[in-house]
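As they're listed, the protein sequences go chains C and V.
Position one of the first sequence corresponds to residue 1 (our numbering), numbered consecutively onward.
Position one of the second sequence corresponds to residue 1 (our numbering), numbered consecutively onward.
Take these hints with a grain of salt, some might be off.
Think about it this way: if two alpha-carbon atoms lie no more than 20 Å apart in a straight line, the pair counts; the simulated SDA-like pairs of lysine to any residue are [as the list claims (entries may be wrong)]:
hint	chain 1	residue 1	chain 2	residue 2
1	V	Lys42	C	Leu21
2	V	Lys96	C	Gln83
3	V	Lys45	C	Gly3
4	V	Lys45	C	Asp24
5	V	Lys96	C	Ala38
6	V	Lys42	C	Gln41
7	V	Lys42	C	Ile102
8	C	Lys11	C	His29
9	C	Lys57	V	Glu3
10	V	Lys2	V	Ser26
11	V	Lys42	V	Ser83
12	C	Lys57	C	Arg22
13	C	Lys78	C	Gly59
14	C	Lys11	C	Gly72
15	V	Lys42	C	Arg22
16	C	Lys57	C	Gly3
17	V	Lys2	C	Gln41
18	C	Lys57	V	Lys96
Simulated from the structure, these hints should not be mistaken for lab results.
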Amino acid sequence: GAGVSQSPRYKVAKRGQDVALRCDPISGHVSLFWYQQALGQGPEFLTYFQNEAQLDKSGLPSDRFFAERPEGSVSTLKIQRTQQEDSAVYLCASSYRGAKNIQYFGAGTRLSVL
Amino acid sequence: RKEVEQDPGPFNVPEGATVAFNCTYSNSASQSFFWYRQDCRKEPKLLMSVYSSGNEDGRFTAQLNRASQYISLLIRDSKLSDSATYLCVYRSNDYKLSFGAGTTVTVRA
Chain C
1 GAGVSQSPRY
11 KVAKRGQDVA
21 LRCDPISGHV
31 SLFWYQQALG
41 QGPEFLTYFQ
51 NEAQLDKSGL
61 PSDRFFAERP
71 EGSVSTLKIQ
81 RTQQEDSAVY
91 LCASSYRGAK
101 NIQYFGAGTR
111 LSVL
Chain V
1 RKEVEQDPGP
11 FNVPEGATVA
21 FNCTYSNSAS
31 QSFFWYRQDC
41 RKEPKLLMSV
51 YSSGNEDGRF
61 TAQLNRASQY
71 ISLLIRDSKL
81 SDSATYLCVY
91 RSNDYKLSFG
101 AGTTVTVRA
């Protein structure tokens with residue numbers, strides 16, 4: 001079946017631009033996660049949804065970062081007024097039912113802020 | 001101090017060799033442990049869970065030492081296709097995964 005789908009795969013933004021990154025989780029997966037992976041580092045947790053409820057946003061680096069999942073399926077990560085330090089790969093993961101289940105990752109969106 | 005520390009490598013080994021590496025973690029409340037594999041410019045994929053009693057999955061053996069707070073991964077009879085970055089991961093609560101920076105393994109012909 002289809003895996004986690006993310007779009008766009010690549011995004012180049014000028015500093016100060018707003019960007020929106022999309023994640024389509026595996027159908028039926030209740031839990032959805034966003035991670036940020038800087039070059040040469042492991043993924044860092046950003047936020048977690050269970051259905052449409054955002055249960056943890058403790059990893060969001062600043063108030064410029066905002067995530068939503070209004071209908072409990074597709075999620076969007078929005079970054080306002082992008083800065084160079086926001087350049088990273090943004091990974092989305094989903095898991096079936098309980099969040100303790102295996103997290104399946106999408107291929108990510110590679111964001112470059114110039 | 002990072003929550004998960006890994007030797008970044010690279011470990012450069014010939015086909016058929018055995019390679020092993022560890023990671024250490026600082027959060028003693030860590031509940032579950034995993035090794036993920038990440039190929040260049042690809043997403044992380046679960047390789048195997050790690051249990052205190054040690055577990056094998058084919059050529060891969062994982063071990064957890066809670067007293068010393070480290071986990072290990074051993075790859076026997078290395079294949080070219082094993083070349084990747086191996087991420088040490090733990091879950092400290094019901095959902096949040098904490099990743100190490102990864103250990104790079106390159107298997108040469």
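task: Sort out which numbered hints this structure fails and list those numbers smallest first.
output: 2, 8, 14, 16
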